[in-house]
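**Q** Taken in sequence, the protein lines are chains R and F.
Residues 6 to 395 in the numbering used here are what the first sequence spells out, letter by letter.
Residues 953 to 1354 in the numbering used here are what the second sequence spells out, letter by letter.
I should point out that these hints are in silico values taken from the structure, not numbers from a laboratory.
These numbers were taken from a predicted model, which means no experiment stands behind them.
One thing to keep in mind: the hints can contain errors.
To be verified - Which residues of chain F face chain R? A few of them, derived with a C-beta cut under 8 angstroms, are:
(1) Val1172
(2) Val1185
(3) Asp1189
(4) Phe1202
(5) Gly1263
Said to hold, decoys possible - Which stretches of chain F does chain R cover? Using the computed rule of at least three CB atoms under 8 angstroms from a CB of chain R, they are:
(6) 976-989
(7) 1106-1120
(8) 1130-1142
(9) 1210-1223
The beta carbon of each residue, even a glycine, is placed where N, CA and C say it ideally should be.
In case you want the letters, here they are:
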Amino acid sequence: MGSDPVNALVISDAEIDRIKDRIGAWYKSGPQYLSVNQDDIRLYVESTSDSNPLYVDERYARETRFGGLIAPNTFLSLIAHYTATQIGGFPGAHSFHAGNRLEFYRSVRPGDVISPSYRPYIVEEKSGSFAGRMILVDMEILYRNQRDELVGKAHGHVFRLSRESARGNGKYRSVRRSKFTSEDLDRIKAAYAAEKVRGDVPRFWEDVQIGDTLAPIVRGPLRLAEVALRSWHGGGRLVGAGGAVLGAHYYQFEEYQKRSSFAEADDRTGVADNPHRGHWEDDFARKIGVPGAYDIAVQRTAWLASLLTNWAGDAGWMKTIWANFVRFNVTGDTTWAEAEVVGKEVRGREHHVELDVWTTNQRSERSTIGGGVVVLPSRERDFTVPGGNF
Amino acid sequence: MRLDEELARLNRLVDVPLRRKKQHELATADSIIAYARAIGSRNPLYSQYAYGQGTFIGSLAAHPTYLVCVDSGAITVGLSEFAAAQVKSTWTFMRYVRVGDRLSADARLKSTRPVTTAFAGAGYVQTGEVVFRNQHGFEVADLTVEHLRFQPEIARSLSPYRDRKRHRYSTDEIEAIMAAYEAEEIRGEDPRYWENVSAGDSVGSIVRGPLTSEDVSLYVGAVGDTLFFREFVDFMDRHPRAAVWDDDGFPDLWQNAVINVELASACGFGLPMASSRQRSAWAENLVTNWMGDLALLRQLRTKLLRQVFYGDTVWLDGVVVDKSIVECEGVSKYAVAVKVDARNQFGELVAVHYAEVWCVSHCVETFPPVLAFPPAFEPFRGPPKGSGPGRHVKSSNRTSPG
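Isolated chain R (complex conformation) (with noise of 0.2 angstroms):
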């Protein structure tokens, strides 16, 4: 464990403790936006290319149950970045997010103020091949909306470990980007062609059936584009590392001024850089271990909850959805979303469809493993599907 010595300093005894100190203390990150906006959800909406009207056109919402245009219940990240790299702390080490949990009580619409608020949860020593010794740190973050109502609960979790560490141990070093095909192309076209929104038409519970699998979904190729570009916020603040963008120039001066530690300076210009980089600069990854730029984990999320909302229809509410981040998805790499129906309960009034979801790249390997819980409309008992609150 400690035989690494990199790893040890970064990773050290004494961070942990004091880390662990901060366990159950909340934290106010304000909201990120002063409202939420049409402009905001339709272009979170392009980057994940999630095809719901809901979404985008008011006259289609305006005769659903929520009356009008919602954001996607994965916009909460938004507002503030579910990963635990907030919490901060062992200066030097990288942060690879590695899952989250999320769950979604009320819609988001046009207009909302949502604050969120943070606390560390977790924080564990873990072991692993990629990198060794790692700190599991786990938050959760609670978002209230202007009237004080709880929208959305989320837990992120990050590894902390050392960079240096994560290359040495080479785990992706055989991995190699893929060729890419016109059969390749004309597949994954067939694919966004087929995609299919239930939308209006309403999704009983009793016609759902254990084992029942979900038609696959599509979300590729990854350019890096799609990862540096990926203006979820019209002013791409959370282009790149989600939430960990600082600003141009002088802010990132000001920033790793005040935190130099967290810079990780580019060897060939000697200037101090933002460590998230390897999210957009494929060099950089490859310091770190992976093989290329790699996607930013909620995007995987956000795409896994297309699937589940796709399959729902607007009339039924994806309440829980959770991932854990098992192979990085690389620039070059396309990733098919999947679900299969494993449980089905009633609660109270709500009718529930439990769900295992997953990812897989064209190299057939699962990279994201997770669940998600659905309510939906009963057609032969009294019923109450939650999301449309106003």
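Mind docking chain F on chain R? Use the hints.
**A** Just chain F, lined up with the frame of chain R:
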């Protein structure tokens, strides 16, 4: 389609409204602030919500060049196999953009003409125009932009930039850059009176760099004209020749050479580079810092001479070259002409910008000279068509614009 047929088609498209990707329609406080941060602006008029509310505009205002978030101004029509690089732009601004404004753009191709460059041999220059309007139908700004359309395979052999590497900075250089950031001056609420300005006055200087991938990603992300996943695949389906295929058979678009080393290399550049629009925005930032909140940036012309690559640092220095009184719709405007030189860390001139600023004056009864025109106000109608930024009726302290 043969090239001559393509050119004939482009001629037929002149002045036809172009179908554009929807970017931003609503000027929100967040998008305005984020744009300011993406160009490194600390001017509180554009970056601090409460400060903006306390000004005569009554709202956080958008940087004038924020309008690229409504339409990027990338009018590159047809010629799919030709890459594009913006070489010139002229902005004329008529109104402020405030929080809550709903904006639209009308983009048209104006011409396609052949050109030969040392950089990439024979190519074309496409000129386009974008007219921006607000929710009241009033013209907010007009942008004329020229793009060089060049053949990447020729640029790869001719380009002087193909072996470009990131500059290695000494500690002294980094300290000088940091000192320049710290020293950046913002005039703010203190009015800059026309009478107190003279030709030859310094407009100050700002630094932007060393350019990181994040600087470029933030800016291009803020503009919001990127095609993602399905949109990209659909676009390739409709415009198969527009895709660039790398050695692994992987597709992308030329425009992403600003973030992608391989694409940049395929266009004859050793490194990715700053967006052209971003570079105009830096000059705008210098001039708006200098002029103060009560002035109006009336025009900004940019001529790009060299690329600015990752790792480069750009020093922008401005000087007043002229002052005059121009008449616009029967109202005198107290104009100051400014020239901004942009040089890289090697001292090479990478761009020249000219700006016209309408300052406040002790001579006029109205204050400030140009208002933001909320709906209740009689709208300012802008200059007569074809008159440029204003008809000069008097001039003093004239120096050569260089």
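**Q** Please flag the earlier hints that this structure goes against, numbers listed from lowest up.
**A** Checked against the structure, no hint fails, so every one of them is satisfied.
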